[in-house]
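Using the sequences plus the hints, can you model the full thing?
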Amino acid sequence: RKEVEQDPGPFNVPEGATVAFNCTYSNSASQSFFWYRQDCRKEPKLLMSVYSSGNEDGRFTAQLNRASQYISLLIRDSKLSDSATYLCVVNPNFGNEKLTFGTGTRLTIIP
Amino acid sequence: SQTIHQWPATLVQPVGSPLSLECTVEGTSNPNLYWYRQAAGRGLQLLFYSVGIGQISSEVPQNLSASRPQDRQFILSSKKLLLSDSGFYLCAWRAWDNPSGNTIYFGEGSWLTVV
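Residue numbers (my numbering), protein chains in the order written: chain P, 3 to 113; chain V, 43 to 157.
Since the hints were derived computationally from the structure, they do not count as laboratory data. Treat the hints with care, since some could be wrong.
What the hints assert, rightly or not - In silico DSS-like cross-links for lysine-lysine, where the CA-CA straight-line distance does not exceed 30 Å:
1) P:Lys100 <-> P:Lys47
2) P:Lys81 <-> P:Lys44
3) V:Lys121 <-> P:Lys81
4) P:Lys47 <-> P:Lys81
5) V:Lys121 <-> P:Lys44
6) V:Lys122 <-> P:Lys100
To be verified - Rough simulated footprint, nothing fancy, chain V against chain P, three-plus residues with beta-carbon under 8 Å:
7) 40 to 50
8) 80 to 86
Claimed, not checked - Label pairs and their computed distance ranges (CB to CB):
9) V:Pro60 <-> P:Asp59: 36 to 46 Å
10) P:Pro16 <-> V:Val102: 37 to 47 Å
11) V:Glu150 <-> P:Glu7: 20 to 30 Å
12) P:Asp9 <-> V:Gln115: 36 to 46 Å
13) P:Glu58 <-> V:Lys121: 26 to 36 Å
14) P:Arg43 <-> V:Glu68: 19 to 29 Å
Since this is a predicted model, take the numbers as computed values, not measurements. Just so it is clear, CB atoms sit at the ideal spot from N, CA and C, and this is done for glycine as well.
Here is the structure:
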């Protein structure tokens, strides 16, 4: 089983719709979680951290389910500019130097 | 604010030629530094990380090497490139004194094509 798994997509979603991605991780001791966004041929950029209680940033909501070992990202009222690849990132252990990246979920917002 | 730069942005190199990619960070001291590679259609693969000058940890045995000659400088090298070395190389940094954050920040990346 991969350390971090994501549905690669692509997700083709009409503008204004709500879309959700899930990401599962194998190490139950994992400490911290993030969503990064990567545009085509660009570097990944931090979108948001994922906290145990769930967190929201504008149209984006991230949630963590430790019991089932997955994190999710919900995008409401999707915009054309949301088209990108979304990477799930897990830090296996507190203080560990290495983050584990999923292969990403590709999202295309259709006008 | 902190910034990270890497270069060159794009390069095409013949098989067997050497490689040198450079990365520098500004606005922070003693950062953790990383080199990742992203092959076409693949996830990010950690190649090397460094917690200080001269301290390099290798994650994947291969024909690449890394060096950290100064606190905020990280270099990725190869003596002889292989076709399989083609990919998108990303330098990244993290503040060592922010373990609760654990977020890392990437440079703009270097596209390497080995022909």
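Outcome of the hint check:
1. P:Lys100 <-> P:Lys47: 17 Å, holds
2. P:Lys81 <-> P:Lys44: Holds, because 19 Å separates the two Cα atoms, which is no more than 30 Å.
3. V:Lys121 <-> P:Lys81: 46 Å, violated
4. P:Lys47 <-> P:Lys81: 18 Å, holds
5. V:Lys121 <-> P:Lys44: 27 Å, holds
6. V:Lys122 <-> P:Lys100: With a Cα-Cα distance of about 27 Å, the restraint between Lys122 (chain V) and Lys100 (chain P) holds, given a limit of 30 Å.
7. 40 to 50: holds (count 6)
8. 80 to 86: Result for this restraint: violated, n = 0.
9. V:Pro60 <-> P:Asp59: 36 to 46 Å: Taking Cβ atoms as reference, Pro60 (chain V) and Asp59 (chain P) lie about 44 Å apart, which means the hint holds.
10. P:Pro16 <-> V:Val102: 37 to 47 Å: Once the Cβ atoms are compared, 41 Å apart, the range 37 to 47 Å for Val102 (chain V) and Pro16 (chain P) holds.
11. V:Glu150 <-> P:Glu7: 20 to 30 Å: 28 Å, holds
12. P:Asp9 <-> V:Gln115: 36 to 46 Å: Once the Cβ atoms are compared, 38 Å apart, the range 36 to 46 Å for Gln115 (chain V) and Asp9 (chain P) holds.
13. P:Glu58 <-> V:Lys121: 26 to 36 Å: For Glu58 (chain P) and Lys121 (chain V) the Cβ distance comes to about 49 Å; the hint is violated.
14. P:Arg43 <-> V:Glu68: 19 to 29 Å: 24 Å, holds
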